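Taken in sequence, the protein lines are chains A and L. Heads up, the first sequence is in numbering that gives the first Met the number 0, so the first residue is 0 and it goes up one at a time. Heads up, the second sequence is in numbering that gives the first Met the number 0, so the first residue is 0 and it goes up one at a time.
Simulated from the structure, these hints should not be mistaken for laboratory data. Given the structure is predicted, the values throughout are model-derived calculations rather than measurements. All residues carry an ideal CB built from backbone N, CA and C; glycine is no exception. Heads up, some of the hints might be wrong.
Label pairs and their computed distance ranges (CB to CB) [claimed, not checked]:
| # | chain 1 | residue 1 | chain 2 | residue 2 | range |
| --- | --- | --- | --- | --- | --- |
| 1 | A | Q22 | L | R36 | 45 to 53 Å |
| 2 | A | Q22 | L | E23 | 29 to 37 Å |
| 3 | L | K273 | A | V129 | 34 to 42 Å |
| 4 | L | A242 | A | R176 | 53 to 61 Å |
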Amino acid sequence: MSEKLSTRVEYGKTLVELGKRYQDIVVLDADLSGSTQTHRFAKVYQDRFFNMGISEQDLMGTAVGLALSGKIAFASTFAIFATGRAWEQIRQGIAYPAVNVKIVASHGGVTVGDDGGSHQAIEDLALMRVLPNMVVLVPADGIEIRAMLEWAVEYVGPVYIRTSRLAFPVIYPEDHRFVLGRGSILRDGTDVTLAGIGLMVHHCLQAADMLAHDGVSARVLNLSSLKPLDWELVVASARQTGAMVTAEEHLVTGGLGSAVSEVLAEHHPVPIKRVGIKDTFGISGKPEVLLEYFGLMPKDIYEAALQVLKRKAN
Amino acid sequence: MKTPPKVGKKPALAVVGQPPRTREKLRDAAQLAEIAREMRVDILQMLHAAGSGHTGGSLSAIDLLVALFFGKMNHDPQAPFWPQRDKFVLSKGHGAPAYYAVLSKLGYFDRQELFTLRKFGSCLQGHPDSRCTPGVEVCTGSLGQGLSIANGMALGNRLNHNPGRIYVLLGDGEVQEGQVWEAAMSAAHFRLDNLTALVDNNRLQIDGAVEEIMNVEPLAPKWQAFGWHTIDIDGHDMAQILAALDEAEAVKGQPTIILARTVKGKGVSIFENKVQYHGVAPSDEELAIALKELGAAG
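Generate the whole structure from the sequences, applying the supplied hints.
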């Protein structure tokens, strides 16, 4: 069970399969199809693939026009360029009129690595979460993104999906189906909740093992549907365990930690600690080194759990 | 009025199986000019009722819009989703009053709606909103974005073997936005000859003359360098506008842009060529003067 799948590769492969069943799918990219993996679709369906070149604003606008022509438009590039460079085009053309464009952006987080801070998207989830009508999804493994895409082609409306450069261990069964707004309990527990997205789900599972050695029972959640959030699961977990840790490969501002904090503050405040990047940009380095440097390792989640447990006890 | 589409629900199928049809086109320059005069009255009255909105740019664009919607485009107000229709994108979205006046005159919605412009709950939003206004295809307002969307629609029509044409109207100040040039590159690269762009070149923007703020001229050589066929016209001469639209339709292998020299505030002497009437609605006195000049005082 040590199989690893890359979410961006599974995206690329699934697009080709879906492209056969859904003739209305079109795909756009901005000169990064090798990295985003849309090149696979481009190879099979030349007429339905549009490389816009290094023009992300034009990419999003063109996707809108295609969607208005009845197409299911998938727009891909790096997460920072998709959500940063073209944020306003997404807001005005996609979110505001709720147009049927799926933005699937790769290279989310610091595991982008050597390219450095300019290319590491640490704010993309915040930028998308604040948009009304936008669904924001962060798959935790290659099976989950396949399931998300199967769902997304049938859903009529804007969707943002963040893929990663790294491969993640597989945790879902082949026949897993994605349900919008539903989080998963990957491991149940009673003392503290560890809620993660993407790569950090796996680090939460490892942290739960470390806590178990200390006799602490941790519940692990995958909140891959970041917006809409499974707020009922979050609240129920807070009630059940009395302490919360969130973990994301993203700023602690505006992403998962904020979403969970917002919900708990209104419904059931408990001690909470957000594991993530603390108001600083990324830098060059190998992914493992950066995860260590930015405090995104299992031990960081483990230590955060100990902190909230201490506050819970007082 | 249309209700906004629910996110997550499949949209209603377009009307299929009905014979293609379009309203009869009006090609007489004098008759088109008369409609435009009537439209100017509607524009000013609706702006006055709203108390805010874009006077100068609506008046400079109205002749182009009348020629397009009455004299050139294939469309049917009774079938706003007819698949083979020509489609229009108002990239200079603040020209909404002119757009609404034309749509209402054509029968897309009742004329009384015009006087709810910009009011809370109105289907005539401050900038074009496809979700609630019959006839409006695209939400616009933020400048520089419409051409990309129009390109996507042109590509979509091509994929769908749809003979419909795409028309998009930009402002001259608007071409200061970089995205316009991204889209210009794309349109030529993809050889979008089913797309015709127009520029309402009224030479004024909010803070002053375009030439002084951030010069965009010469426009024709720029668009030609980007691979477009260009046509220079007087944007208030109906015969020239129609001739240019016909010429654009005949050009193959590249998109066409009609560079229309216009006068901001055209049709009312107190508004013509005045920077200050970009985003200001007419006062009671100004409206009275304007209506008299337009022969509508009563």
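Hint check results:
no.	hint	verdict
1	A:Q22 to L:R36: 45 to 53 Å	48 Å, holds
2	A:Q22 to L:E23: 29 to 37 Å	36 Å, holds
3	L:K273 to A:V129: 34 to 42 Å	39 Å, holds
4	L:A242 to A:R176: 53 to 61 Å	58 Å, holds
In summary, the structure agrees with every hint in the numbered list given earlier.
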